[in-house]
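Visitor: So you can see what is in the structure, the chains are spelled out below.
There are 2 protein chains.
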Amino acid sequence: MSYTQVQGGITAPRGFVAGSAYCGIKESNPDRPDIAVIHSPQPTVVAATFTTNRVKAAPVRVSSMHLRGEDVRAIVANSGNANACTGLEGIENAKRMAASVGKALDLKPRQVMVCSTGRIGVQLPIEKMEPVLAEFQERLRPDGSMRAAKAIMTSDSFPKELAVEFEVEGQTVRIGGIAKGAGMIDPNMATMLCFLTTDAVISKPHLQKALSVSVEQSFNRITIDGDMSTNDTVIMLANSLSGHPPLKYGTPAFKLFQNALDCLTRNLARMIVEDGEGVTKFVEVHVNGAASLNDARRAAEAVANSNLVKCAWFGGDPNWGRIMDALGYSGARLREELVDIFYDGVSAVKGGLASKTPFSKLQEVVAEKKFTINIDLHVGKAEHTVYTTDLSVDYVKLNMGE
Amino acid sequence: MSYTQVQGGITAPRGFVAGSAYCGIKESNPDRPDIAVIHSPQPTVVAATFTTNRVKAAPVRVSSMHLRGEDVRAIVANSGNANACTGLEGIENAKRMAASVGKALDLKPRQVMVCSTGRIGVQLPIEKMEPVLAEFQERLRPDGSMRAAKAIMTSDSFPKELAVEFEVEGQTVRIGGIAKGAGMIDPNMATMLCFLTTDAVISKPHLQKALSVSVEQSFNRITIDGDMSTNDTVIMLANSLSGHPPLKYGTPAFKLFQNALDCLTRNLARMIVEDGEGVTKFVEVHVNGAASLNDARRAAEAVANSNLVKCAWFGGDPNWGRIMDALGYSGARLREELVDIFYDGVSAVKGGLASKTPFSKLQEVVAEKKFTINIDLHVGKAEHTVYTTDLSVDYVKLNMGE
Numbered sequence: 001m002s003y004t005q006v007q008g009g010i011t012a013p014r015g016f017v018a019g020s021a022y023c024g025i026k027e028s029n030p031d032r033p034d035i036a037v038i039h040s041p042q043p044t045v046v047a048a049t050f051t052t053n054r055v056k057a058a059p060v061r062v063s064s065m066h067l068r069g070e071d072v073r074a075i076v077a078n079s080g081n082a083n084a085c086t087g088l089e090g091i092e093n094a095k096r097m098a099a100s101v102g103k104a105l106d107l108k109p110r111q112v113m114v115c116s117t118g119r120i121g122v123q124l125p126i127e128k129m130e131p132v133l134a135e136f137q138e139r140l141r142p143d144g145s146m147r148a149a150k151a152i153m154t155s156d157s158f159p160k161e162l163a164v165e166f167e168v169e170g171q172t173v174r175i176g177g178i179a180k181g182a183g184m185i186d187p188n189m190a191t192m193l194c195f196l197t198t199d200a201v202i203s204k205p206h207l208q209k210a211l212s213v214s215v216e217q218s219f220n221r222i223t224i225d226g227d228m229s230t231n232d233t234v235i236m237l238a239n240s241l242s243g244h245p246p247l248k249y250g251t252p253a254f255k256l257f258q259n260a261l262d263c264l265t266r267n268l269a270r271m272i273v274e275d276g277e278g279v280t281k282f283v284e285v286h287v288n289g290a291a292s293l294n295d296a297r298r299a300a301e302a303v304a305n306s307n308l309v310k311c312a313w314f315g316g317d318p319n320w321g322r323i324m325d326a327l328g329y330s331g332a333r334l335r336e337e338l339v340d341i342f343y344d345g346v347s348a349v350k351g352g353l354a355s356k357t358p359f360s361k362l363q364e365v366v367a368e369k370k371f372t373i374n375i376d377l378h379v380g381k382a383e384h385t386v387y388t389t390d391l392s393v394d395y396v397k398l399n400m401g402e
Numbered sequence: 001m002s003y004t005q006v007q008g009g010i011t012a013p014r015g016f017v018a019g020s021a022y023c024g025i026k027e028s029n030p031d032r033p034d035i036a037v038i039h040s041p042q043p044t045v046v047a048a049t050f051t052t053n054r055v056k057a058a059p060v061r062v063s064s065m066h067l068r069g070e071d072v073r074a075i076v077a078n079s080g081n082a083n084a085c086t087g088l089e090g091i092e093n094a095k096r097m098a099a100s101v102g103k104a105l106d107l108k109p110r111q112v113m114v115c116s117t118g119r120i121g122v123q124l125p126i127e128k129m130e131p132v133l134a135e136f137q138e139r140l141r142p143d144g145s146m147r148a149a150k151a152i153m154t155s156d157s158f159p160k161e162l163a164v165e166f167e168v169e170g171q172t173v174r175i176g177g178i179a180k181g182a183g184m185i186d187p188n189m190a191t192m193l194c195f196l197t198t199d200a201v202i203s204k205p206h207l208q209k210a211l212s213v214s215v216e217q218s219f220n221r222i223t224i225d226g227d228m229s230t231n232d233t234v235i236m237l238a239n240s241l242s243g244h245p246p247l248k249y250g251t252p253a254f255k256l257f258q259n260a261l262d263c264l265t266r267n268l269a270r271m272i273v274e275d276g277e278g279v280t281k282f283v284e285v286h287v288n289g290a291a292s293l294n295d296a297r298r299a300a301e302a303v304a305n306s307n308l309v310k311c312a313w314f315g316g317d318p319n320w321g322r323i324m325d326a327l328g329y330s331g332a333r334l335r336e337e338l339v340d341i342f343y344d345g346v347s348a349v350k351g352g353l354a355s356k357t358p359f360s361k362l363q364e365v366v367a368e369k370k371f372t373i374n375i376d377l378h379v380g381k382a383e384h385t386v387y388t389t390d391l392s393v394d395y396v397k398l399n400m401g402e
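From first to last, the protein sequence lines are chains Z and Y. So the first sequence is numbered by our numbering: it starts at 1 and just counts up by one. So the second sequence is numbered by our numbering: it starts at 1 and just counts up by one.
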């Protein structure tokens, strides 16, 4: 019951090909690749999760429809333009992206999932894109994962890809993934995209179950600034080429698959946080002893999203008073006199009061690039973890626009 | 039915005296006044609203108890130390503050309201404070409002005081107020304190009614960073010296009183926002056409608290895409294709899409130091306004601690 990390990203699993192209969508970076395509020539099942923002980008609307269909075999994603707040023309353009790639790969438009990331409120230069998309077949390679990973970058400073391998009944199974991060450059949104592939044998409902659980414990636990994008999308394709008996929920093999997928998504999520624009610190906020799961989440998110807490971290100031304050307004049920707070295991607050730890000890922890804040509310048994960052001068500079 | 602005702040109404003193609570600024007292030798009725943060400072707990009693005649407030997260010793110290001032003014401790603002998690230097508090009688003046206003400042750049005057049945009535703001300097909380006085004749329940309504449309509508302090407090004293028939809810005289009070609190709230540390822009976010009051509030607050929106404002970038995004995750019911957004009346978004206004026109608005964002959701009739600021490089620098 174990898995190992392997090379190859989304093309590590058998039968997947990927590639990238330049369409000139990014006006400021015309020579950076801006289109990625992932393709399985074999039949697949698909699962996906989308942003819960009520303002949904056109590709999110189109992909949500395509998710309902059978045998999705490709994903096309562009960077440089979010195709959000673009109305019916935007929907039409997202459909044209799917249709062009479909034509190139001999697929129906509904067999292609569509994603976009970048500028909001501007129409896609679809005329420039279609000729490139229509000839994508020749760009797809069985080692093309890194090209695709690079093409979906916006302000990311490094491409993000990972793959893991494990055995099910003597057959090697692989899961691969690429992601783009929460870096932000005007006027981009902090869109998170993640594409996952596997050669596991699994039915569509079981794949969706595994993906939803996995997203919940990874991408749904990261926060840079609390803003949620119009375009956030996670898509997973499974093509059954590993040939083991189908994975069924509740079996040890399914559990192994889930663990491997969770490891992969959690590590991609961490990469996204660490690569956030202007980020100087990576902080894990863990709340336990909460009265309910909802309370644990609220408490952790209030701390992780507090500008005052995050500015203090940026400055290397432990300032647990701001954490107490954020807990207090989080809505989580708590009794001040029961709260314990630890910085990398060092007690800062005991029973709601300053602990006897010398302030310099806490300063040492907050001076680190990575640390963990543990908060025990002592009113219940629920817990929740959020991965977050500091709030830096560079964050403001990078997001202040033109 | 009108009111005029007058000089004198909290000592403008008949019968109130105020003053300040130095106790040396602020280690970094030992020679700045750090204690304010407001006193009515005549009987008063009191009303108050406190922070809804579940972590409440000791003075908030003590003042909440004193609010239930009769004939409160004084307020004592210190800056430099929040007396929050200080346990039973903190409660004891807050009671000692009240008792010392009570002794000086020949009052019972429960006739004194107590407030603190400043550093969290440190015990008050009560031994230093008591001798000063015990001799406060001689420091109180009928023109002492400005002294009190200065003594409650933390990182505020200017003292905040206002007074208005109007007539009820031939008698002159005055309302005065002082406030301290949401400026933040490590490791202070963004505590908001406001003290109000009036010589109107009004019963305790009617005064509480008027104050609650007034706070709702003023201090509850300002946001710098969404963090809510452990110490936020608004207290109002009324001493009946103007001699008109008692103000009763629902009468024209009550309405006049309410309007005057609302004007005063709204202007004090504006001063607080404009004086926020690192603030370069004052922005009014007005949402109308929402499906419910709660939706209107959520939508306005999501926009006003979005770091991405606020960074864009700081940079003079209209970036309505970020506003659409914040509306989308606010939880307010909306249909993207119905949303209109205006910058100082200039259309930026029409039916969810970029309007035909040249981008430079929107840039001109956002280049101003004050502007209004109007958002019409077109799904209902509810509306809400929030007063907020940009998010600047200086905000981060001022809050990054030691």
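Everything labelled a hint here was simulated from the structure, so no lab data went into it. C-beta atoms are modelled at their ideal positions from N, C-alpha and C, and glycine is treated no differently. You may find that some hints are simply not true.
[Unchecked claim] Computed footprint of chain Z on chain Y, listed as stretches where at least three residues anywhere in the stretch have a Cβ under 8 Å from a Cβ of chain Z:
#1 75-87
#2 113-124
#3 202-215
#4 228-240
#5 320-329
#6 350-356
[Said to hold, decoys possible] Once the Cα atoms are required to be at most 25 Å apart in a straight line, the calculated BS3-like pairs of lysine-lysine come out as:
#7 Lys-397/Z <-> Lys-356/Z
#8 Lys-56/Z <-> Lys-356/Y
#9 Lys-370/Z <-> Lys-397/Y
#10 Lys-356/Z <-> Lys-255/Y
#11 Lys-381/Y <-> Lys-369/Z
#12 Lys-128/Z <-> Lys-26/Y
#13 Lys-204/Z <-> Lys-248/Z
#14 Lys-128/Y <-> Lys-56/Z
#15 Lys-128/Y <-> Lys-397/Z
#16 Lys-150/Y <-> Lys-350/Z
#17 Lys-356/Z <-> Lys-350/Y
#18 Lys-26/Z <-> Lys-356/Y
#19 Lys-56/Z <-> Lys-56/Y
Visitor: Which earlier hints turn out false for this structure, listed by number in ascending order?
Guide: 3, 7, 10, 11, 12, 14, 15, 16, 17, 19
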